[in-house]
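So the sequences go chain by chain: A and B.
Using this note's numbering, the letters of the first sequence correspond one by one to residues 73 to 222.
Using this note's numbering, the letters of the second sequence correspond one by one to residues 184 to 479.
Do not take every clue at face value.
Said to hold, decoys possible - Some, not all, of what chain A presents toward chain B, calculated at C-beta under 8 Å:
{"no.": "1", "residue": "P105"}
{"no.": "2", "residue": "P138"}
{"no.": "3", "residue": "G142"}
{"no.": "4", "residue": "S172"}
{"no.": "5", "residue": "H175"}
{"no.": "6", "residue": "T214"}
{"no.": "7", "residue": "P222"}
Just so you know, these hints were derived from the structure itself, not from any lab.
Even glycine gets a Cβ: it sits at the ideal position worked out from N, Cα and C.
Listed here are the chains, written in short residue letters.
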Amino acid sequence: MYWGMSCSGRRVVLVAGVLCLATVAGCGGAPAPAAPGPISFGAEPLMVLPSTAGTKQITIWTSPQPPVKGVNAVQLLVADAPTGAPLDGLAVQAVPWMPSHAHGTSARTQVLPQQGGLYQVDNVYLYMDGTWQLRTTLDDDTVVPEFDVP
Amino acid sequence: MLVALALGAAWPADAAAQACCGANGLVIPARLRVYDDYGFGVQATGRQTYGSLAADGTYHGTSTGDLVTEQDLFAMARLSSRLQLALLVPYVETYRRIPGQSEWGGFFGDVTVNGRVEVAHSGEHGAWPALTILAGLTAPTGRAPDQARNALGTDAAGTGSFQGNLGLEVERLFQHWFLLFDGWLSQRTSRASPGGRQSFAPRLTALLAGGYVFDSRLAAGAFATVVGEGDGQDTAPGAGAVTGPRYATAGLAGAVPLDQSWRLQATASADLPLGGWGRNQPTTFAFSTSLVRVWP
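Generate the whole structure from the sequences, applying the supplied hints.
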């Protein structure tokens, strides 16, 4: 076996080691992600979808619209499909998910129920380019809007 | 995976100088020559995202893509004249920018164990190429993005599921030249998704590498990989079809032997930013260096 090493070899090892340690040290925490500006929903919705069970109609806006890489907000208008009557008091949860890579995000969304069937979902953090789903439960029903983040 | 493939192509230092040896490592950059007993190494990689390929294959450039650096520690041991094992432990750091905020973070990634069964060595059966069976297992020891603790998720360094690999390597030497083909199949285990469980189709990877080894044992080469995964499934209501990623990468590689036991290697590679050559995948430019010590 050969255990020795030349001087030039040792120098290369030392430089490589220092580079590795320097990059390892570059980690740390940060405040929770925040929306880059005030949340504002336009008059025109981004999309209108039926719920999975077909009993509800969900009109969807985003801020900004269309959604961007970073922190977004989503507004849902949930209505009874046959009558069009707004549905208040639903238990709403929303989780971003990137199906092609099978992962979600580090941030948790916050759902703010409002009047007239409106629900605002804050802190929708879409951190990479690609197709994202916002997997949303509405009591025992669901809706899955898809957003393409360029 | 991609970085491992890229570095793998930088393994030809002793290929022509020692006809007994191969020109590549697979999955992890840890490969012993036939007369090496064991070894270890470190690989440092920098990867900059410069765009992405959408689900329909359309390419979009970006100026705010992630910068990822990674350090892999690996060790390998020869258990017999035909069998060697390798272990790789990665540490991944990410620099991420979103409007109004940026963050550095890092954590240990998914640990991988690989085995190589050398069915036929180069020159053992006349002009027939070397043939090696490849197998590997990756464990989800790193945090998946949805398990990250940092605000922007920069401490995510894992996939959240196990993955098994099985493949074949064919290698042919022509004096100073070498040509190598690797093909393998990967399968991830399913993982929980919001409201259901997501399962994956097999992923097929093909790697073609070639190069030249000088009398000084300095080596240079080029490589290309194509990766494709079929459509998966998700049991969550309304989840729809899951289209797997697909991408192609090309790069250059070089290796410099420092002495009989140490070698320094480097690669530069890029995912091809061509419409229709990929889908559901960020495109990156990567540069990696590695230092390897073996005990013959």
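Against the structure, the hints:
1. For P105 of chain A, the shortest C-beta to C-beta distance to chain B is roughly 5 Å, which falls under 8 Å, so the interface hint holds.
2. Nearest Cβ of chain B to the Cβ of P138 of chain A: about 13 Å, over the 8 Å cut. The hint is violated.
3. Among the interface hints, the one on G142 of chain A holds; its C-beta lies about 3 Å from the nearest C-beta in chain B, closer than the 8 Å criterion.
4. With 8 Å as the threshold, the beta carbon of S172 of chain A comes within range of chain B, its nearest partner Cβ sitting at about 4 Å, so the hint holds.
5. The closest approach between the C-beta of H175 of chain A and any C-beta of chain B is roughly 4 Å, which is under the 8 Å cut-off, so the hint is satisfied.
6. A distance limit of 8 Å between C-beta atoms decides the matter here; for T214 of chain A the minimum to chain B is near 5 Å, and the interface restraint holds.
7. Contact between P222 of chain A and chain B, as hinted, is supported at the beta carbon level, the nearest pair being about 5 Å apart and thus within 8 Å.
The structure does not agree with numbered hint 2 stated previously, though it agrees with all others.
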